[in-house]
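Please build the complete structure, drawing on both the sequences and the hints.
Number of protein chains: 4
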Amino acid sequence: MIGLAVIGAGYWGPNLVRNAQATPALHLRWLCDLNEARARSVLGPYSTVQVSTCYEQILADPAVDAVAIATPAVTHFDLVRAALEAGKHVLVEKPLTCSYADGAKLVQAAQRAGLVLMCDHTFCYTPAAMKIRELIHAGEIGELCFFDSVRINLGLIQPDVGVLWDLAPHDAAILDFILPADVRPVAVTAHGADPLGTGRACVAYLSVWLSSGVLAHVHVNWLSPTKIRTVVIGGSRRTIVWNDLKPDQRLAIYDRGVDQAADPDERRQALISYRLGDVLVPALPEREALGAVMADFAAAITDGRAPQTDGHSGLRVLAVLEAAARSLAHGGTRIDIEGITS
Amino acid sequence: MIGLAVIGAGYWGPNLVRNAQATPALHLRWLCDLNEARARSVLGPYSTVQVSTCYEQILADPAVDAVAIATPAVTHFDLVRAALEAGKHVLVEKPLTCSYADGAKLVQAAQRAGLVLMCDHTFCYTPAAMKIRELIHAGEIGELCFFDSVRINLGLIQPDVGVLWDLAPHDAAILDFILPADVRPVAVTAHGADPLGTGRACVAYLSVWLSSGVLAHVHVNWLSPTKIRTVVIGGSRRTIVWNDLKPDQRLAIYDRGVDQAADPDERRQALISYRLGDVLVPALPEREALGAVMADFAAAITDGRAPQTDGHSGLRVLAVLEAAARSLAHGGTRIDIEGITS
Amino acid sequence: MIGLAVIGAGYWGPNLVRNAQATPALHLRWLCDLNEARARSVLGPYSTVQVSTCYEQILADPAVDAVAIATPAVTHFDLVRAALEAGKHVLVEKPLTCSYADGAKLVQAAQRAGLVLMCDHTFCYTPAAMKIRELIHAGEIGELCFFDSVRINLGLIQPDVGVLWDLAPHDAAILDFILPADVRPVAVTAHGADPLGTGRACVAYLSVWLSSGVLAHVHVNWLSPTKIRTVVIGGSRRTIVWNDLKPDQRLAIYDRGVDQAADPDERRQALISYRLGDVLVPALPEREALGAVMADFAAAITDGRAPQTDGHSGLRVLAVLEAAARSLAHGGTRIDIEGITS
Amino acid sequence: MIGLAVIGAGYWGPNLVRNAQATPALHLRWLCDLNEARARSVLGPYSTVQVSTCYEQILADPAVDAVAIATPAVTHFDLVRAALEAGKHVLVEKPLTCSYADGAKLVQAAQRAGLVLMCDHTFCYTPAAMKIRELIHAGEIGELCFFDSVRINLGLIQPDVGVLWDLAPHDAAILDFILPADVRPVAVTAHGADPLGTGRACVAYLSVWLSSGVLAHVHVNWLSPTKIRTVVIGGSRRTIVWNDLKPDQRLAIYDRGVDQAADPDERRQALISYRLGDVLVPALPEREALGAVMADFAAAITDGRAPQTDGHSGLRVLAVLEAAARSLAHGGTRIDIEGITS
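Chains as they are written, first to last, in this note's numbering: chain A, 259 to 600; chain B, 259 to 600; chain C, 259 to 600; chain D, 259 to 600.
Honestly, I wouldn't trust all of these hints.
As the list claims (entries may be wrong) - Looking from chain C toward chain A, a few residues come up when the C-beta cut is under 7 Å (computed):
# : residue
1 : A344
2 : L373
3 : V539
4 : P540
Calculated from the structure, these hints are not laboratory results. Using N, Cα and C, we set each Cβ at its ideal position, and we do this for glycine too.
Right, dumping it as structure tokens:
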């Protein structure tokens, strides 16, 4: 069994603790947090797991093979680097780090050390995202026409990051996960607003141009009184609607769309008609995605292979986020991804 | 009674015909369309209303006091001008014309002639929009924080205009209608895509900055297999969700949001908490908005006053659309409204 | 063309008028109502259709080949009989009459005279009901296991009938329409309540035992503030959910259920597991059912054949209703259908 | 702290374990199940809680002050009696026992021994049920007019009981909890069906007459592919809809209904009109009801008082269930509650 320590007992840490305990291949040894009472409270009074307030103590423990880090984003770089230097495999919350350059250093470090570096892009481990990826890669939707994601709810205003860095990593990761291998984001614009004067954007709109010419769009918002988590993936043959808040119908595959005329001239004359076909709601298993994250982390360590959402996918997500942040800071100018990654 | 002629028996014309016939103050005399069979078919075999294929014939009829025009946008300028010159009051479909400059000429012409020029911004006559306007103007939502509209469905690709000119006029008109008098759009960016190669944008995202600093956003899309018509109006005190496809709950007023710290420094430290209050779904009458449009048109003629959505509101909507079209044509650059209107 | 008169300009009559006017094979000649102003108001000021307050005048008009009757249920027997005696084909609103015995007389009279007698079981002409019938008859759902209908909303308390006679005819007609030919209702119980002291049941629950042993159940209610119109048809292989208020998904076919053990002993030990398969939402045309009613009425007259919902189906529905009324009057005792029909 | 043992590690037991561990006033000492591996698996590898396969061992432990029993219904009587005889307070899953007579013995035994006997009617501890009770008792809905509950989903066919004993206890308990003190069930009819030949009803409809003349109705079903958990409580002034599967709107209070004429004669002439008022969705805390059950159990022990859902409420629920079972066995005859309880 792989000895594991969880670092960070705040908002997401308890979920890591719970799922780690339910993963047979993992042996949870420590929960580490600067606030010892918080860590004890997460474990509860009946636990045999140890508590520490000092991550150095944990990194020094030879029974710890791997760490799972759920601390504020600004601490990721130092903690991940220290863990890798101590020879530990690392699972880190999104975003990997706060800059592409820092992230690239960590990926290199992990590679040199032969350690697993995994980014917890939880949504990529949902049965819905896996099914979408499968459908796209099998050509079931035809060519990708548009991607539109809305991820809004009443959110806690983060002390260190705006809504873009808080929520859009999910969408950038989903996009990275489901796109065909030859299609990549090439440019980004982002618009945002801070109507409450918090010093950071609480509402943001992100446009991402893909190498295929397709426009992807993401709406993230901390101020919405209703919660929406819907991704629409339009294809030339079928369109997928992923409503993550509809447990009995998370995915719906619409066999409908606009029929194109074969002749380009006819297209321009808009001789285009509807096709109203059936809708298929595929049966999907109901399971917690984070359990699959943990299982893949453990298997990657055991098998010496990259996990599904490895450091490289974390880096690709960072490239989009950093471009978006630059666009936001420059009034919505278009920023090329290449300018970030090279 | 006011003698009326409807010009255009295409997609929207039949709705004008039906509602005109149900308006006591109007006497529908003519339905005019280049395609006589289409006009006859709209009236049906039991009607006493006359059919014509020639709008000059109608404009020459002294029994006709007013015309309602539902023809393609490119024809609006000539038809409205001719009608005004013939001394007829005019109700015209959105958009008023295809350019701000042309629209301004029509508004001037109507003013000079002392005739009513009304733009059919139907959604502004829905009980929902009227209630929203009332709530905002009474201070019930506090300060406006954000405005987000999604108007998507499988739409007929128009031969003459893209999705922006087809659908966004609704949102620009709603925004114009509900905003406090001292808040106006000042700049616009628009991004769009034409994934089917139709020669016009079928998916578009519009950002509108208001003079108060607030960001309004509109998503219009002809390729979505699901129909969504939702406007969210976020306020510092309450937030309104208008879902026009939910007949039993079109408006929901959320008494919840993010509580601001009074002290600016605290705001920047994000010492901000939730408020989860009740939701109120106000009782709204169920009635067809177009009936109210017709009634207001008739009353404006009779009373010699401007209708709720007069030529000036049509012009303000045109300014936003023209700025959006320019931005779309220039890769999403920010376009100032002032550059359009002056 | 078939000359038609509509009798009754109350709640449902306007729908008959509108759909008759849109049916090419019909020529609407009269609208008849005791209240002339109401009849004129239904037709509107632009109509060429004649108005009468005297049904004898209409029955005497040789240009009238057929009548469509939408008057209170207590008047059906006399009006239909008079129309048949005058040699007119008849379309009559549900219920056919107020008693099985009276209904049987009308069916006989129509048969003797060689005239079409059709009962307006509108829901049987919806694309949804037709699809359900097709699926059941093709064996797609396996054996019928249960039928459950909820038809509730804030309804106008009728002066002459309780909620059972007002709403349950729809369900009895749907059941009659979709059942395999060899399965028929055999017994009924009904429970009801009159919490407002109106003198008639405003809430009622109807259980119908079928000859196959299956239990069908219907909940009708005039006091519900929310409107529900949902029929669930459970089968051994698939289950159909018909939600008539969900335009984008009226029918959903669930390929899921409880897997039976083949061995009866195992069944009794409840060794039964789940099957969670896909859900299919078939594309259905959106059209007004009453238009199809009118078209079938016209075609039945022209072709000299029975319409889909003829007098016999009206009679079968009456048998269920009359049994239900007796059960209601006797505290919910079980009433055999045979006791009504023989 | 109160020493607790949980008996039964099957379907519901894990929820008792989890919530007991989260209740500060309780100290979970044992989890007991005939299947030791199952018990260990429920606790997981990191727990300090002890496991036993022998309930006598647990009842003999003086550190155990109370037991929570989640075993099959047929075992309740013996286990609860043994626990009471051993001087332990008892929380037992619904139904209290399998017969009213047995239940009455347990209630007496607890009373004699001065021990808390609580029945886990979980739904009575939801914020929704508590709010409903509060609204009814404060007169906010006026007089109760009807109660309708639908509790259906694809359910595991139970080896020992039909759907009525499995699901209807929830509704009987909710009804018991929310009714004004002077209104009680007086008679019951139940109809059911076993379309799969499992030897027990899988679909059942229960009508419950209340002492006020009101009809309550419950639909329970194990064969429905869609899950519905909706209770509608109609009042003369307002109507409450509780949809337990709609997290953002579990309760909706409709200020609408049918306006009654004051004069009884007018009522009988059905001079009754609509009132379409606002809908209020009250803010409710989101918390697990079972946590509140545990807290009330602990507080009842500490304070020497009856819990909210004590043995007497368990008995009242049993009276309804036993009457329903008799009715089901006798073809739906009406069974008086008094015949059960006296």
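Taking the hints in turn, this is what the structure says about them:
1. Residue-level restraint check for C:A344 is violated (minimum Cβ-Cβ distance to chain A is 45 Å; threshold 7 Å).
2. Residue-level restraint check for C:L373 is violated (minimum Cβ-Cβ distance to chain A is 39 Å; threshold 7 Å).
3. Given hint, C:V539 at the interface with chain A, holds; its Cβ is 4 Å from that chain's nearest Cβ, closer than 7 Å.
4. Residue-level restraint check for C:P540 holds (minimum Cβ-Cβ distance to chain A is 5 Å; threshold 7 Å).
The structure fails hints 1, 2 (numbered hints given earlier, in ascending order).
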